[in-house]
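Could you slot chain B onto chain A? The hints should help.
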Amino acid sequence: MDTVTDPRTTYLSDFERAGKALPGLPELRRKAIEKFAERGFPTCREESWRFTDVTPIAEIPFKPAAGTANPNQFAGLANGALKACQITFVDGRFAPSFSSLDLPAGVGVTSVGEILKSAPGVLAPLLQIPDDPFAALNAAFFRDGAAIRIADGIRVERPIHILCLSSLHGEPYVLHPRTVISLGEGSRATVVMSFLGPSGGTYFLNAVTTVLLDPGASLDLTKVQRESQQAYHIERLDVRGARGSSFTHHSISLGARIARNDFNVSLEGEGAECSLYGLYEVAGAQHVDHHTSIDHLQPNCTSRELYKGVLDGRSRAVFDGRIMVRAGAQKTSAIQTNKNLLLSQDALVHTKPQLEIFANDVKCKHGATIGQLDEGVLFYLRSRGIGLADARRLLIHAFAGEIVDTVKTDAVRSQIGGCLALIAGGA
Amino acid sequence: MLEIKNLHATAGDKPVLQGLSLTVKAGEVVAIMGPNGSGKSTLAHVLSGRDGFKVTDGSVVYKGKDLLAMSPEDRAREGVFLAFQYPVEIPGVGNTYFLKNALNAIRKHRGQAELDAHEFLKLIKEKAKLVQISENLLSRPVNEGFSGGEKKRNEILQMAVLEPALAILDETDSGLDIDALRTVSDGVNSLRSKDRAMIVITHYQRLLSYIVPDKVHVLLGGKIVKSGGKELALELEQKGYAGFEAA
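Line by line, the protein sequences give chains A and B. At position 139 of the first sequence (counting the first as 1) the number is 124 in the working numbering, and the numbers step up by one without a gap. For any residue, its number in the working numbering is found by taking its place in the second sequence, counting from 1, and adding 20.
These aren't lab readings, by the way, just hints derived from the structure by calculation. The beta-carbon is built from N, C-alpha and C at its ideal position, and this holds for glycine as well. Please note that the accuracy of each hint is not assured.
[As the list claims (entries may be wrong)] Listed below are the simulated DMTMM-like cross-link pairs for lysine to aspartate or glutamate, each with C-alpha atoms no more than 20 angstroms apart in a straight line:
| id | chain 1 | residue 1 | chain 2 | residue 2 |
| --- | --- | --- | --- | --- |
| 1 | B | K171 | A | D116 |
| 2 | B | K74 | B | E23 |
| 3 | A | K324 | B | E109 |
[Stated by the list, open to error] Computed, partial: chain A to chain B, Cβ under 8 angstroms:
| id | residue |
| --- | --- |
| 4 | L67 |
| 5 | D375 |
| 6 | G386 |
For reference, chain A alone in the conformation it holds in the complex (with noise of 0.2 angstroms):
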């Protein structure tokens, strides 16, 4: 046969294979891999795919995960500073033994797994198509993932830790992790998700992450994403807001081979707000694309954003922002910001705020940089006998605090700087 493979197939046979054995849900699923049939993968001639090329994704034949031999490797990593509220998943599937999920009344943390078996039912409304091809993916094909209610009018205290953990296998896998969490009226809840797989490991993590906030709800919600450096890392962020709610996002993105995150958030009633920060340490061939959207739909909404990054090497960045303020929502105030540092001559950056305002009374601001570590400063560091080396890891470190030191969970935060300081260092 002389004939290129339609990427579409690897996975249009999986799902004709293996679909029927696939848990709940089997309209959706038929639904959602027609949609992907029909929509195919995306190619750089889209416009929200235009620095993203995605064809390596499409190209490597990724077999469904089907979870390491050995889980006992996790150990260590699954008994970190979060541990005492954690659900871990391991290539995929929910491990009970690396989870304690010993939580008080009016939190519910289970497995997707769990309810696909039990009442698949409750899952359907949150799981409309969108028209995103590795959402319909996602769709098509998840079969676990972490699902946490909190109750209204509970505050829980301690992080809630979503631990992602994906082994070192000899073929390439797939994974289709699916979360949802949903707060109740009047809650407060801190969710930490953690993505890590160890180097060598070439897969593809295609999450989709799902966010209902009721009124006046509040999520601390942070990923740190610390991939393999050989994988492909895709996740798919909704958030909807209704009154009063509050929602603040981290995404520290530090692994992967290419990191494409589509974050959308909906201020769905009066008054919601989110603050979305971001920061990204990228070097060598690695690329990461982060894709935001802010909707105002109700009056008097705040959105912040500030999204950092740090390039070296080779390296790719994305960011692109839309913020959009609907006609009648009115005295919405929306911040957005991007500032990136190029640490070397070959690293590039595409960045680019979007605004779209419909309504005339409303604060709204963007802006973007791309610089260099200032000569000046170095040499004044260096001047005062602190060497070289010594003096760019301080100035990234200051470069990156201002995101870092908005993280409100310590062990995440220190967690980061520890990150940071080694990349800094090999830089």
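Below, chain B alone, put in the same frame as chain A:
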């Protein structure tokens, strides 16, 4: 301590220093006076190792070593200190944290034990008192939002903490009102010692009423055209630099 011979240097492509020779001994305070463009700041930059300046001829020997062959950080570790004319702001880097890193890099180079946070805090509070800098400036990012006077005082604080053998003060008086000038000068005077040499670079005589030099050199056209005692500064004040052009 410092022996500069026939130094020629360019700033960018422009020749600035054109045969400057100067000797500074331990314990001496030496003033270098000159008008704008005479090469004062170039001299400070060349001695501290800043990029963008090229030495085309001559030599600088510091404590028996070739100073020009050393990196800026090694010069600092060997005891050379430049008080900047325009101290830079470093957002996100705390003043105390920065200075602790600097001191420990220098101590490490000297084979001394590094100071821990507690020991360093004690030291910096002591020195802050000495140079009359308010303690709240210690916890702020380096020079960020400091007034002109606070920036200059912060330079002197760094000097007090790092205890250099050779301090070069580049137009430390520029931008200071008379009160700030007095405070900064008091700080500098308190750091005079028989082991420490200072090169005080200035345009005006004014500073030298507060920091009284042992020697005064007049820099014109990239070389020293006249040398004398502290009274030379007063003579300059009366005659102006024009009187030396012909010399």
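Consistency of the hints with the structure:
Note on K171 (chain B) and D116 (chain A): the hinted pairing is violated, with a Cα-Cα distance of about 56 angstroms set against a maximum of 20 angstroms. With a C-alpha separation of about 18 angstroms, the suggested pair K74 (chain B) and E23 (chain B) falls inside the 20 angstroms cut-off, and the hint holds. Using a Cα cut-off of 20 angstroms, the hinted pair K324 (chain A) and E109 (chain B) holds, with the two alpha carbons roughly 18 angstroms apart. The criterion of a C-beta within 8 angstroms of any C-beta in chain B is not met by L67 (chain A), whose closest approach is roughly 27 angstroms, and the hint is violated.
Because the smallest distance between the Cβ of D375 (chain A) and any Cβ of chain B comes to about 7 angstroms, under 8 angstroms, the interface hint for this residue holds. With a least beta-carbon distance of about 5 angstroms to chain B, the hint placing G386 (chain A) at the interface is held under the 8 angstroms criterion.
Violated hints for the displayed structure, listed by number in ascending order: 1 and 4.
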